[in-house]
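Chemist: Kindly produce the complete structure, drawing on both the sequences and the hints.
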Amino acid sequence: MKSIIVIIVLLFTCQIVLSQDYGFGKVSKEELEEKFNPMDSSANAAYLYKERKTYFQYLEGEGFMLFTDIHERIKIYNQEGFHYATKSINLYKSNSTLETVSNLKAYTYNLIDGKIEETKLKKDGIFKTEKNKFINETKLTMPNIKEGCVVELRYKVKSPFYQNVDEFIFQHEIPVKKLKARFEAPEYFVFKLNVKGFLSIAPKKESKNDKIVFTHKSRRGGDGSGSATTKTTYSSSNLTFVKYISSYNVDNIPALKEEPYVNNINNYRASAKYELSYVKYPQEPIKYYTTTWEDVVKTIYEDSRFGAELNKSGYYGKDIDALIGTISDPVGRIGLIYDFVKSKVKWNSYTGKYTDGGVRKAYKEQVGNVAEINLMLTSMLRYAGLDANPVLVSTRRNGIPLFPTREGYNYVISSVQLPQGVILLDATNKYGAPNILPSRTLNWEGRIIRKDGSSSLINLYPKKKSTSSVSVMVSLNENGDIEGGIRTVKTDHKAMQYRVSYLETNKDQFLEDLENDYEGLEISEFNVKNAEDLSKPILESYKFVKESQADVIGDKIYFSPLFFLRSKENPFKLEKREFPVDFGYPSKSTSRIVVNLPEGFKIESLPESSAVALPDNLGVFKFNISGSGSKIQLILDAEINVPIVSPVYYDTLKEFFKQMVAKENEQIVLTKV
Amino acid sequence: MSIKYIIRVLIIFATHTLLSQDHLYSSLTIPENLSQHANAVVRLNEVTVTLESSSEMSVREKRIITVLNKEGNENINAYVHYDKGIKIRALQVLAFDAFGEEIKKVKKNDFKDVSAVSGGTLYSDSRVKYLEYTPIKYPYTIEFTYETVSGNTAFIPSFTPIGEYFVSVENSTYTMNYPETITIRKKEKNFNDDILKKEESSGRIFYEAHNLEAFKPEAYSPSFRNIVPEVLLATNEFVYEGVQAKVEDWNTMGTWFYNNLLKGRDHISEKTKQEILRLVEDVTDPIEKAKIVYNFVQENTRYISVQVGIGGMQPIAAIDVDNVKYGDCKGLTNYTKSLLDLVGVKSNYTRLYASPRDQISVDKEFVSFGGQTNHVILNIPSENEENIWLECTSQKLPFGFIGDFTDDRDVLVITPEGGKIVHTKKYTTKENTQTLTGQYSVSNEGSIEAAFIVVSKGIQYDNKYGLATKPERDLDKHYKDRWSYINNMTIDKMSIDNDKDNIEFRETLNFKATNYPKIVANRMLLTVNALNRNTHVPDRYRNRTLPLKIKRGFKDVDEVEIILPSDYKVESLPGKKTIENKFGSYTSEVIVKDENTLIYKRTFVINDGEFPKEGYSDFRNFYKEVAKQDNSKIALIKNQS
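Here the protein sequences come in this chain order: A and B. Using our numbering, you'd call the opening residue of the first sequence number 1 and step up by one each time. Using our numbering, you'd call the opening residue of the second sequence number 1001 and step up by one each time.
No wet-lab data here; the hints were simulated from the structure.
Footprint (simulated), chain A over chain B, 3 or more residues, beta carbon under 8 Å:
no., region
1, 1102-1116
2, 1295-1306
3, 1321-1329
4, 1461-1475
5, 1518-1528
Owing to the predicted nature of the structure, the values given are computational and were not obtained by experimental measurement. Cβ coordinates follow ideal geometry from the N, Cα and C atoms, glycine included.
Modeler: What follows is the structure in structure tokens.
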């Protein structure tokens, strides 16, 4: 029996020895000796330990304040990981209220000749800057950083802005070995939790009693007569309450890695967000923030920078009367008002669902942010008798709004309900048109807010395909050089993209860039129509000459019928993919090519006509070729029918592009007669 | 002459000047040649620099600029830097529409005010006030005026009428007022008398340039700063952050710099001193000692940039770097120098202009404190052999290798005996080599399987050494992009050997890909050059305006064995090709080894050099011909069986 106990005790102590101590300063030799991350050998650095505690504390004279304690232990494996030894803490401020940082302590640990050496971060490594009107920044960089070192730091942030609890981020660009997080709120503050990301991370929930001790000071005497002695007495009273705690304890969180054609990597990052639903102090009415999308909409709508701004109309009345005059057709009115706002008020590049200086000022100064421009547009459309409503949007950069949060939406556009369907409008975009929204807003679903405050979801992705049709007449000579003419028609988003690059660059530069994109194509008679007339498709045409577009070998000529227009590379190179592929909008490209053959040559062989389709009607590629006498004719169709493709289809999609590239590169063979 | 008359004259004069500038607010009055290639036109730029003494300088500027299109918004440059030493006295912007009507006024307090910390810097005490303006319509005109005062006179603004591409200048003036006790030095660059007017009288220098057409960027052209007109100015006496200086030439500048900003900043902790002495204990060769020290610095420090006050030019003390183990270029260079002093190796602190794109020299004849340099490296002088240069901010570069960041330019070497101008290492065409040797085979189905080694040296080493520390996933992507003309590639082996002693980068690669040759009926068309194909053709210009400049040459040598598919035999082979001209040379040849094996040999050389603009199209044609030759194909035909 005794020996068993000994064994158990031994086992137990071994256990203790093996498990890492995460107390501040308890960095172990094993941690310093680690050469690479066992979970991810490509990691340049890793969080060995990452702890965050966010909680409320009542301070006399200040009220409830939000505190956040941070403790991080970071392993730096190599030089590429050195930048993790530098940290920046943003502290927000608004007029006189501001966040502050305190208790900042940090050390670097190195293993020197088998001994742990610690270096303290001193004042000279801490830098405070006023970054701008809204942010003070505290930056620090650790001393004595070498490959293999461990840095550890902790600090406390005090914030008066308890309505905005920073998101708890669980997944980073480097792996996390052990993560602890805790959020505590008194019963007066009711928060809603939203979790996102590929890893499912759930908190443990509990509640505890807590109390606030109020100290009262009262003074007697000292009435100014000078004779009486002053007496101050202190008394105290308690307020007890329940606090709710949720805590996270997660081990081995993998790094989040970027992939091409992902609209916003943060959509997939593991994180938890606490959104304030309501505040209920004892003996006071409830103050609501958000719990549901209806609440979000209500809060935004009732904000004076949204609803009230939307309802203002006096500032433009006469102008709109004059503008629409006798035109009664709704579509005509939409077009007139939309163009009017676009030309009248320019976007100052600030996004936002709320106005800044207000619609009236924006109208007068002819400059405004997103909300000013699009709320003004909505208001004018309503004034003209149309069923117009604002639509809240989350931009691509802001991520997909998965849960009801006020920050979930950061942008607003306009919509008009017509019998034939809804038209979406964004007047911040110079080259936009009805239902052609800028790509920053093409992000899943928006939320339409009606006059009565009700709301519903609306798909933002265009249903209509943007098209590009190319017609080419080309003559090939016996040296393999070509000349010919090309005519391209582009619609919708494709036209919009063209307009941005064509109208916003120097014309000479545009032409030179075009020539150089096709590796030195020589262009003449270049002509673009409808560049400024957004209601019509773009028409681009030019004549071209290009050398060495076919291989002349012996008495044979080999060439691809698409010449310089053919796709050369598969855009999808990664072996596998975890996130959806985002094309932004559905599209259709058609090319019709007629090749005149050099005299004295005849067709020996043509590639076969063929068609490839993606499953579930996601897309199709058709290649139809025919030849007779001295002419070859090719019709090529490529369609992607959806704006977003799920990663389930990644292999299929990659194969689809592979076949498309292969087909476009197949050779025609001519022989000398 | 009555008072009345004088007043009338004054009024006329005043309205006249008002009128004469008024027309500049309208976009309709721009001369036609100035709107060519221009995104913005500087209508008038008046800079007035007043030196009250060697310790007080004010700068006043009024700039009227018409913006023609969206890209021209970037050329307004309505911002002013300030810090503890520079005070902003006045700051204002007026905006005008195309007809010259004022549409907006922005006062000093309406400017945005932010910390001027740029990307690579952790902290700086410099701040900037800048204009945020959304144009309502193009064209429009901005008048930007400011005045600053500073106790520093070390950096006197130069007269640079054209600061950017795509900007033309209608009129630009520069006035300097100074006390006669101060001597002004100046250097005029890239001016001709047509465009530059100057007046000099005692205590006043005046320059005027007008009608300067916009420059347009072109590939393979000299650095912008080396082609635009510029007048550099400096004084013999100046004050920098409270320190007085009097210099005549580079030599005395060097002495002053050494005595006031470098001397006495070399103390090292006893611990580090013992460690360094132990490391070099049995070493006698100074170069070997220097290598050990450089390696020590690379392993123990990192680059962090902090700029405060005098720290803009003076390195933090070596002991501070020793304590925190980081520093900026000045701090790390001074630290390395201090360690080299300890082991008895002489080295010199060196200021220069660093940029891979622009090899800009410190002017031999024009002495100035700052303005011509932006970086610091270390020089180890050598009596008989080439100087050794050390880039102390890099933890990765081999000893003595500076790469394209600081190569081939004049720099200021500061020694206790004075300053001197020295030229840094030039990487010559024959040093910048890439040698590729290996083999590929093609299957009957059209798959290719390749195994080869690429060895790079000189600037070609510089282009690749960063790959040594890339994770596998990024490397895989890099190689697929580098051989982007081969589709459907799977890489089976990527192994990298970064030989820092010999400064050689060796990549060993194996890959497979399907559909490499084009199969047409019973023929196969095989592009011989599978592994080092030049697809680059320099951009074509309808009208080349700038001279041709090839900053660095290179030499590629390839030898590849090709195993043909067993079911096919050669129908036709490309012939041997040799091209030679002043820009370089090219040879390629396919040798039949046996029925199934070919040997492909290729060399491609581009020489560095500068040529008149007329040479550009020949240069481009050379590249075009190489691209064409690199695309030549072998026709294979199926065996009759």
